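Those sequence lines, one after another, are chains A and B. In case it helps, this note's numbering puts the first sequence at residues 1 to 319. In case it helps, this note's numbering puts the second sequence at residues 1 to 319.
If you're looking for bench data, these hints aren't it; they were derived computationally from the structure. A portion of the hints provided could be inaccurate.
Copies of the same chain look alike in the list, so a pair counts if it fits in one copy or across any two.
Taking lysine-lysine pairs in the BS3-like style, the calculated list, with each CA pair at most 30 Å apart, reads [what the hints assert, rightly or not]: (1) K199 - K30; (2) K151 - K58; (3) K199 - K225; (4) K48 - K30; (5) K199 - K55; (6) K30 - K184; (7) K184 - K217; (8) K199 - K7; (9) K199 - K217; (10) K65 - K151; (11) K151 - K225; (12) K225 - K186; (13) K217 - K58; (14) K184 - K58; (15) K151 - K186; (16) K58 - K225.
What you are looking at is a predicted structure, and each value in this text was computed from that prediction instead of being measured.
Protein chains: 2
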Amino acid sequence: MTSVIVKANVNIALIKYWGKRDETLFLPTKSSLSITLDGLGTTMTLSKSSEDSLKIDKQTITDEKAEKVLRFISLVRSLYGISDHVAIDSQSTVPVGAGLASSASAFSALAIGLNALFSLNLSPREVAMLARRGSGSACRSILGGFVLWNKGILDDGSDSDAVQLFPETWWASLRVMVVSISTKEKIVSSRQGMQETQKTSPLYAAWVASDEPLLPKMQVAIERKEFLTLGMLTEQSCFGMHATMLTTNPPLLYWLSETVEVLNSIFAARATGLPCFATIDAGPNVKILVEQQHVPALQALLHNHHYTICSLGEGAQVL
Amino acid sequence: MTSVIVKANVNIALIKYWGKRDETLFLPTKSSLSITLDGLGTTMTLSKSSEDSLKIDKQTITDEKAEKVLRFISLVRSLYGISDHVAIDSQSTVPVGAGLASSASAFSALAIGLNALFSLNLSPREVAMLARRGSGSACRSILGGFVLWNKGILDDGSDSDAVQLFPETWWASLRVMVVSISTKEKIVSSRQGMQETQKTSPLYAAWVASDEPLLPKMQVAIERKEFLTLGMLTEQSCFGMHATMLTTNPPLLYWLSETVEVLNSIFAARATGLPCFATIDAGPNVKILVEQQHVPALQALLHNHHYTICSLGEGAQVL
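For reference, chain A alone in the conformation it holds in the complex:
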């Protein structure tokens, strides 16, 4: 095989990931739980080539982002004793570096693509653990629907895997409204931000300890399709993470004014009986959990914002 085309969707964490227990192996301090979104992600062509290269949206990239990708390809080569080089041609339907999980879908596509191109014959579980080495949350985009990323306890990370939850059910009426507020790249990357939080936030340990019990509760809510519980737990985890960011020294504030405007709209809507819940990552954009039947009311409320409405998406795949 000299060329493959792959596709991976972004995923949004409902139970958040913020902080590593191992920087080299990308092992998290806590387990997280995400939803893979349909229609937002990365399509990537990987071709054997005389040297490694990266194009994003037809532009050759040589910056820090490219280095991260090329380092990952080198890692895969060294892990599996490969000598081939790869030309990457990536097309993204999400803006890069704006807290819209672009690196999750990109490294997920890259991992599944290299597995195919180099005929590594890795299982989905192994591909997910490989993707994790490029960008932690990328392991969750290998799978579809609701995905649990286990933190694991082993030093070598061999138990820090990703599993799809309740694959036999599919919450077809669930929607995520992704409100795009700014597509400017953030000043402090997630990788750097979480390091600073772990080092300086006096609330970090208390957050990790208090967030962990949300995970089994959320699994029950997903299995039973209990929307209000799902939403409430999602906001708890989200604002817990942002609380640790705010108490980082110096403070980490990824929000813009429109972020708070949308948040206040959601809280006000909920007070009038419209069930919708917010989650925000390391960027200004707001993702809103809502059930299909309430989408029109939410659209009316947010008519002067830019948004995309997503359903549950499939895992990464070779096309």
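With chain A's structure known, arrange chain B on it following the hints.
Chain B alone, transformed into the frame defined by chain A:
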């Protein structure tokens, strides 16, 4: 004496107060430290009358706010065996209920006024402890400059007093720019909000524990007039408190879009070398610590916002 006129300034907490260890006696879970501001506050005329009444800005008030004031007058009557009733005529230079400490200056004025009107002969320390029973942070407005409100450890609250710090020095070049973002009354009062936070935030205990060590550090910074340390500690305490609000269930967000706009302006200004620091209370308005020589640069930055610039203010006084 049948009538007195008194005046009290607002105060802004640099080390925050959020949560009570005793709801009846208004005893806080932690000590706090504030700065009394010149020019923003309450002027109040108290007159003996046939019944208790309250006017704010010439309007007779009979709502919840009035009840709070009348309850306080009754408390003072019962504590000191007084039978007289009082007509209150209050003029405020700060909007009510918008996190601009209007109740601090109001109850501070009320306490010092009743002390004079009823000839209670209380010392300033006793007046401060009395003011605390109306609104916790009011005890800090009795005094000028930098004020420490000791949490105390006794059940009867007799050691939860307010003291002026370093009264022999006066940080004359310090300014607080009060950016007025909304004067609408907040939906969740401070009293209710802090109760909900104490009950539901999993980060509350960790915040209290991590915030307490900031206090002695700030006292040193004030004594030495070390502006950068003062500002950094101020932001730490502020964002720690807001972290506990955000992790309240349901989340407590007192910010509006303009709050974040101003915060991001401050962070950006600081990155370019302009020393200024933010603090926010239970409302959307932002107070900015800055030294006199940097005020013009800050004014240029915030030219399309409404603001007032304050210096250190005196304590409450009988005029």
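Hint check results:
| no. | hint | verdict |
| --- | --- | --- |
| 1 | K199 - K30 | both (16 Å within a copy, 25 Å between copies) |
| 2 | K151 - K58 | neither (36 Å within a copy, 63 Å between copies) |
| 3 | K199 - K225 | between (37 Å within a copy, 28 Å between copies) |
| 4 | K48 - K30 | neither (37 Å within a copy, 64 Å between copies) |
| 5 | K199 - K55 | neither (35 Å within a copy, 52 Å between copies) |
| 6 | K30 - K184 | within (29 Å within a copy, 40 Å between copies) |
| 7 | K184 - K217 | neither (35 Å within a copy, 38 Å between copies) |
| 8 | K199 - K7 | neither (36 Å within a copy, 46 Å between copies) |
| 9 | K199 - K217 | both (29 Å within a copy, 20 Å between copies) |
| 10 | K65 - K151 | within (25 Å within a copy, 51 Å between copies) |
| 11 | K151 - K225 | within (25 Å within a copy, 46 Å between copies) |
| 12 | K225 - K186 | neither (34 Å within a copy, 35 Å between copies) |
| 13 | K217 - K58 | neither (44 Å within a copy, 54 Å between copies) |
| 14 | K184 - K58 | within (19 Å within a copy, 50 Å between copies) |
| 15 | K151 - K186 | within (26 Å within a copy, 41 Å between copies) |
| 16 | K58 - K225 | neither (41 Å within a copy, 56 Å between copies) |
Violated hints for the displayed structure, listed by number in ascending order: 2, 4, 5, 7, 8, 12, 13 and 16.
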